[in-house]
Amino acid sequence: MENIDSETISFIAADWGTTNLRIWAIDVNGDVICKRTSDQGMSMVEPDGFESILVKLTEDLLSNNWVMPVVICGMVGSKNGWMEAPYESVPSNVSKPKRIVSPKTKDPRISVKILPGLKQRFPEDVMRGEETQISGFLRNNPNFSGCLCLPGTHTKWVAVENGLVERFQTSITGEMYNILSRYSILQLTLDMKSWDQQEFLDSVQEITKSPDLLLSMLFRIRAKSLLIATVASPTTAVLSGLLIGYDVLSAKYFWQNRPIYVLGEEKLANLYADAFSFQKIDATVFNVDQATVLGLISAKKIAFELNTYS
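Residue numbering for the sequence shown follows this note's numbering, starting at 21 and increasing by one per position.
Not one of these hints is a red herring.
Computed cross-link-like contacts, EDC-like style, restricted to lysine to aspartate or glutamate with a CA-CA straight-line distance of at most 20 Å:
hint: 1; residue 1: Lys126; residue 2: Glu104
hint: 2; residue 1: Lys55; residue 2: Glu27
hint: 3; residue 1: Lys244; residue 2: Glu219
hint: 4; residue 1: Lys76; residue 2: Glu66
hint: 5; residue 1: Lys124; residue 2: Glu104
hint: 6; residue 1: Lys76; residue 2: Glu27
hint: 7; residue 1: Lys321; residue 2: Asp51
Bear in mind the hints are in silico, worked out from the structure with no lab data behind them.
Kindly generate the complete structure, drawing on both the sequences and the hints.
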């Protein structure tokens with residue numbers, strides 16, 4: 021690990037999701053001193069194991085002379101996480117979360133705050149972690165009105181009005197990709213090791229023209245490989261193009277005639293931006309790590325000024 025003076029650290033920020041943990045040490049200027057990642061996501065941790073994992077990964081960043089503030093977003097705040105942080109309702113000013121919780125810790129060197137997620141009563145929907153990324157984006161764009169797309173296992177489509185989250189929609193696009201590519205009949209056909217960008221673009225174009233044929237097009241991937249012997253195995257780009265293209269179309273209510281930003285991992289975010297080009301729309305990609313860190317920085321001051329639940 022890096023040799024870092026703990027006195028240069030203002031606080032520790034973390035995004036603790038279902039499958040991964042990302043940690044940043046932040047200085048007083050809001051700059052990242054170091055970043056650490058772990059595959060010890062919430063689903064891999066026993067209920068009483070969260071503190072020990074956090075301390076193990078940040079041991080060299082802590083001091084015996086003062087208490088390190090730690091601000092965490094993500095699924096660690098769910099019912100099955102470290103401590104449940106109750107959802108806040110939309111419309112919401114995600115830059116000023118209120119239902120922050122403080123799990124009791126045994127290690128006197130840390131003080132932990134967990135941020136709440138968002139809920140929507142109708143149509144029913146929830147998010148955890150993405151609200152902090154939205155907050156980070158709004159830190160740089162405080163009066164934004166438009167659509168935010170946060171692609172991932174569960175892609176979020178978010179309508180923002182003058183800096184407030186008004187409503188959102190979740191699609192399980194990433195999860196469908198994983199299921200279809202690994203566990204369906206398509207696993208016998210798809211080349212999992214290669215990527216063909218033209219195949220992706222062709223698939224987006226195809227689904228854009230006939231979105232009602234999605235299920236048929238999915239099976240056609242398999243049928244084509246069986247009936248045309250000279251055709252090379254299609255890459256997963258074909259599947260990705262169909263699903264992402266369909267996802268974009270299904271969220272038209274959110275982005276039509278609106279500015280669009282995509283907050284996600286670079287490769288995936290760029291694929292969504294490419295899919296938008298078939299709608300003759302320019303979608304701007306915003307770095308998701310930057311958004312997460314900025315959101316956690318915004319939450320830190322609030323978290324340690326509020327009388328939080330414990």
